[in-house]
Amino acid sequence: MSHNIADVQVELKAKKIKPDSPWRSAFRRLFKNKMALAGMIVLTLMFLFSFIGPYFSSHLDAKISVRNANLPPNETHWLGTDKLGRDVLLRTMEAGRVSLLVGIVAASIIVLVGGTLGAIAGYYGRFVDSVIMRLADILYAIPTLPILVALGAILSDLKFPPDKRIYLVMFIVGMIAWMSLSRLVRSQVLSLKEQEFMLANEVLGLRDRRKIFRHLLPNTVPIIIVAATLGVANSILLESTLSFLGLGVVPPTPSWGQMISAANNMIDFQNRPWLWVPPGVCILLTVVSINFIGDGLRDAFDPKQKR
Amino acid sequence: MSSTLVEFRNLKTYFYTEAGVVQAVNDVSFSIRAGETVCIVGESGCGKSITAMSLMRLIASPPGKIVGGEILFEGRDLLKIKESEMRMIRGNEIAMIFQEPMTSLNPVLTVGDQIMEPLIEHTLLSKSEARKKAIQLIEQVGIPRADQIIDSYPHELSGGMRQRIMIAISLSCDPKLLIADEPTTALDVTIQAQILDLLRQLKKDRNMSLMLITHDLGVVAEMADYVVVMYAGKVIEEGPVKEIFKNPRHPYTKGLLLAKPVIGQRKERLFTIPGQVPNPIGLGENCHYSDRCEHAMDICRASQPALQKDGADSKVACWLYEGEGAK
Amino acid sequence: MKQLLIRRLIQSIPTLIGASILVFLVFTLAPGDFVTQMSADANMTQERLDEIRALHGLDQPLYKQYLTWMGNLLTGNFGESVLHRQPVTSVINTFMWNSFLIAIIVLVLQWIIASIVGIMAALRQYSIYDSAVTLIVFMAMSFPSFFLGLLMLKFFAVDYQIFPLGGMRSTGSTLTGWADFWDVMKHLALPVIVLTLLNIGSLTRYFRTNMLEVIRQDYVRTARAKGLKERVVIFKHALRNALLPLITLFALEIPGLFSGAIITERIFNWPGIGRVVLDGIFQRDYPLLMGFTMLLVVLTIVANILADLMYGVADPRVRNR
Amino acid sequence: MSDVILEVKDLKKYFPIRSGVFQRTIGHVKAVDQISFTMKRGETLGLVGESGCGKSTAGRTIIRLYDKTEGHVLYNGRDIHQLPPKELRKLRPKMQYVFQDPFSSLNPRVKVGEAIGEAVVDHGLCSKAEIREKVLEVLNICGLAPYHYDRYPHEFSGGQRQRIGIARALILQPDFIVLDEPVSALDVSIQAQIINLLSDLQQQQNLTYLFISHDLSVVEHICSSVAVMYLGSIVEMASRDELFKNPLHPYTKALLSAVPIPDPTITRERIFLKGDIPSPANPPQGCKFHTRCPVAADRCRTEVPVYREVGPEHHVACHLV
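Protein chains in written order, with the numbering used here: chain V, 1 to 307; chain Z, 1001 to 1327; chain S, 2001 to 2321; chain B, 3001 to 3321.
In isolation and in its complexed conformation, chain V is listed as follows (with noise of 0.2 Å):
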């Protein structure tokens, strides 16, 4: 009955051409955006650098010899060594790990507090969306760096040991942070209530699980993903913050924050530049492939909105 000539012409045409989910288009777009590309390649490069780099190196077991401190950089120590003689090179690689770990695992309590809270907030809307609204307000009010380092501070008093001490700033700099992206999912889940899709999913009867999961999650997760790129890129800049401050990431575990706190003693600063200077060209190369990586999904996912 709904077969004739013209469809059929139409059909043909229309069958070489492959289904093109929404994931797998948004990845065509991401991989044609040069910047989003170029932050791809920068950010693997750093994740090799931190976490194969050291294996390459040759002076992974060299124990601490006053005797070649602070050497300037040369053929063996291209990024020279520190004042306990340790290579400065296999130092940043060292501490690329940590960062980059203490950035993931910040985004993802983001992710995790931020993203449910917001969901919740917005689906089940009234009582429950007012609570947890106000208490993002009463977050957002308190301002965030004076809090953060008071909260190092505290840190170092309760003396946790610096292995431990990292988780702990990484639930810090993920509690800080994860109001904005608990209104943003909110909003999007209250504007997805909106469309007829869902409105439709009523109609047909779906249980709630199935709208959530099926239907409102997936129409989220661009955003979430967005969100946790920038949450990323963000929280290595608080951590590093907080580690140069001393109060962050504390010795014996390397980060790059803490790495340029050496900067702090004037005669380093000054004159061995080598000191403090790499591990910071490090988070600013880390931190812009990131959010260039973020912009490239946001756009991606949404084409309408022009850069």
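Simulated from the structure, these hints should not be mistaken for lab results. Where hints are given, some of them may not hold.
[As the list claims (entries may be wrong)] Here are the computed lysine-lysine pairs in the BS3-like style, where the Cα-Cα straight-line distance is at most 25 Å:
#1 3134(B) <-> 193(V)
#2 1254(Z) <-> 1267(Z)
#3 1080(Z) <-> 1065(Z)
#4 193(V) <-> 3086(B)
#5 211(V) <-> 3274(B)
#6 1260(Z) <-> 3086(B)
#7 3068(B) <-> 3090(B)
#8 2236(S) <-> 1127(Z)
#9 3068(B) <-> 3012(B)
#10 1267(Z) <-> 3253(B)
#11 211(V) <-> 3245(B)
#12 3274(B) <-> 1204(Z)
#13 3253(B) <-> 1260(Z)
#14 32(V) <-> 1065(Z)
#15 3068(B) <-> 211(V)
#16 3012(B) <-> 211(V)
#17 3094(B) <-> 3111(B)
#18 1082(Z) <-> 2229(S)
#19 193(V) <-> 3040(B)
Place chains Z, S and B on chain V using the hints.
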């Protein structure tokens, strides 16, 4: 027969998108005589709005570009003149109103301010004279309490009232040609009747030409003196309104007329044109309607029919009539 | 408009109380307090410590301490700063204005540059200028504040000695009048440049995206169809609408004027409130910290309310509701 | 089973207007203001009116997408607004709804085949194994090809998406479908395809349609009886021929005369209504249409007209008829 006011000659306007080149307006030619209402009719994506925007040279480039042809306005080719000269014509000799009254007015400026702008730009009126003229215009478009309306903001007015304000703005400098791009599509039917009646009235009083763009054949029958039917970026048929409705030539025009339900002339089953409008990217050298046309012949799938005279004042682009074109 | 103000004020009361509780908990539950700092000093006996604690009411149950603290706050008594042995309010008063000086200059510079650069980038989308601006904007947003400060200090102060190494005035300077003014200007140049660069990124992007959004609107096309000069279309029709959401952003900058830049002030040794608060953190001067944080909380809430009000005044659609 | 499938009795749907500091309710938008009608199986009732007349709200309240304010909706004798959620869910497949906007009525991230089939599986009406077969069958009935099963909504045109919306409703084998402006967003040639598809489905599966539209010519073609709504109330209801040939209510007459006829030879005397459609938030007193009615008398300004039967299945609410 009054003189020709506007003449499109082989106009080509393309859009360069990531997916490819969209030939939105592909070799379009027709003319508008002074004091005449010409209706450009066609379904979405046929290029009727782009034709109007090309005439006003308001094509955003990138991504759009007028790649060929001429648009003669009183003998002057608008595509060749400088931007500053074009600006003197826009809103002054050629004015335009749009489809969405809700978003066509600036929400943070008063209605009066927006009516006075073209007056101050194009005429030598002072601010106070412009304001008086604005109040007059508001009354002419049938809005009561004009002196209060002039200081109100667009969000305080209904859709119908905003469209009347748009008409007041367009008429402020007594244009020779008014372009109306689907002016009543977003309005309710009783408000649409009011606006169409207003447009007819104003056209008569001011002996102005009207280029009305619409997809509604009812509006065409009511308003048009001359009709131009477009499909996939090309003009496929044109002619006086009675000729088009009484004796449509192109299969697509016939299909449109039969597919539309008409009050009082109920049929058991509507004629349907199968398939859908072709993808504007990568249109071949064939007649673009061939894969939906029931009379499609091999030649239709091979090459494009030219727009040929067929009868006193009508033209059609279809291989069915190719032979008799000479008449 | 009045209703909006009243409603927002009432809504902000729970936020204020909630924030104060949180701030109070963060600092009082912290293990050490200034008394334990004192215990490091040998001749302090345990009874003496307990006596001081009792004097400051630190031995009472938490909620009582909170109520007394809040009570004092409301009457303007922010408590005694341990480090400076003066009321917190006077400590804040002396140092805050130094931070304010930098913050005001940065605010003005930042908004002028960001608006020009951002709008030009929007008007010339897809041009090289636009991609260059995007690149610089991302760099500025991704620069760790302390790293930029250190680099600038190293480059301008150490290597090329164009600007002083830090502080607010040349050491031991007895200059007055204009000479003093220029001396301070020389000292604050670097911090201002750093802070402007750090903040300029997101603001430029905001101007650009807003402008791009507005240029696509129908009423801009209508303005062009009226034959108005491009200048009028852009600056009267487009810009006015693009600025609307930025008014709220401007109001939200207010807390930043008083909060001081903790990191930059530390690097450039600028005697602002940020620097004092950082030292306060290291010395666990909790009264000062609690007082200062609460001041910022109030400022943020006020700024939020002001933002909504200013938006209402600017946007006619909201004005008369 | 009597052939009356649906009975709507004095149905009302009011939306509260809140304002003031505590957002107190200060009034109501009477979107649906006491409408009543019955529908027999296999019939198509047209619900016609201009924007703001409440036709969509009525449609959504009738199948309990919105909860009613007052009144009853009896489906096969059971009042669906009294049913507990579990019972209502069981009844859902029987009453379906096709939405107007082809672009927002489909989830962009779900394959079309799954979107059509998911409700059937969710209701346990057929197992996961057989679902693909059932979906392919309904796709074919609605004029779509088998390979469309794995495609995503953004790969379809407006007309095709409406076919998917219809297939999604059809697969649950409903008795009653509310069609909310199903063809208003489509071009004429595509509109005709969908209208024919709907009529064929009605005959094949003995469906009952509530057809909501503002386009009188489409309503005349597809509906067996028509109800004209104005500001929340039904002003006139009759069989199709009766209403189009012998309209009684002044608003119906004005509506019919306002529709442009695609025939240049016809010149008819037009009724132009004065002014604009009043806002549903504060409708005029007495007969709501009196502010625009060309024949309004004093009585109309004060007294609400009674909705009464004036002929065989011909109801009207007007003093002067």
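Results for each hint:
In summary, the hint linking residue 3134(B) to residue 193(V) is not supported, as the alpha carbons are separated by about 29 Å, beyond the 25 Å threshold. Under the criterion of a C-alpha separation no larger than 25 Å, the hint pairing residue 1254(Z) with residue 1267(Z) is consistent with the structure, at around 16 Å. Of the pairs offered as hints, the one joining residue 1080(Z) and residue 1065(Z) holds, with about 14 Å between alpha carbons and a cut-off of 25 Å not exceeded. In summary, the hint linking residue 193(V) to residue 3086(B) is supported, as the alpha carbons are separated by about 21 Å, within the 25 Å threshold.
Taking the CA atoms of residue 211(V) and residue 3274(B), the gap is near 47 Å; set against the 25 Å cutoff, the hint is violated. Distance check on the hinted pair: residue 1260(Z) and residue 3086(B) sit about 44 Å apart at the alpha-carbon level, beyond 25 Å; violated. About 19 Å separates the Cα atoms of residue 3068(B) and residue 3090(B), which keeps this hinted pair within 25 Å; it holds. Of the pairs offered as hints, the one joining residue 2236(S) and residue 1127(Z) holds, with about 17 Å between alpha carbons and a cut-off of 25 Å not exceeded.
With a CA separation close to 6 Å, the supplied pair residue 3068(B) and residue 3012(B) stays within the 25 Å bound. Distance hint between residue 1267(Z) and residue 3253(B) is fulfilled; the C-alpha atoms sit about 22 Å from each other, no more than 25 Å. For the proposed pair residue 211(V) and residue 3245(B), the alpha carbon gap of about 47 Å is over 25 Å, so the pair is violated. Note on residue 3274(B) and residue 1204(Z): the hinted pairing holds, with a Cα-Cα distance of about 22 Å set against a maximum of 25 Å.
Of the supplied pair hints, the one linking residue 3253(B) and residue 1260(Z) holds, its CA atoms being roughly 21 Å apart against a limit of 25 Å. About 24 Å separates the Cα atoms of residue 32(V) and residue 1065(Z), which keeps this hinted pair within 25 Å; it holds. Restraint check: the Cα-Cα separation between residue 3068(B) and residue 211(V) comes to about 23 Å, which is no more than 25 Å; the hinted pair holds. As the CA atoms of residue 3012(B) and residue 211(V) are separated by approximately 28 Å, the hinted pair breaks the 25 Å bound.
For the given pair, residue 3094(B) sits about 24 Å from residue 3111(B) by alpha-carbon distance, which is consistent with the 25 Å threshold. For the suggested pair residue 1082(Z) and residue 2229(S), the alpha carbons sit about 13 Å apart, so the restraint of at most 25 Å is met. A hinted pair counts as satisfied when its Cα atoms are at most 25 Å apart, and residue 193(V) with residue 3040(B) does not qualify at roughly 33 Å.
Violation of the numbered hints given earlier is confined to hints 1, 5, 6, 11, 16, 19; the remaining hints are satisfied by the structure.
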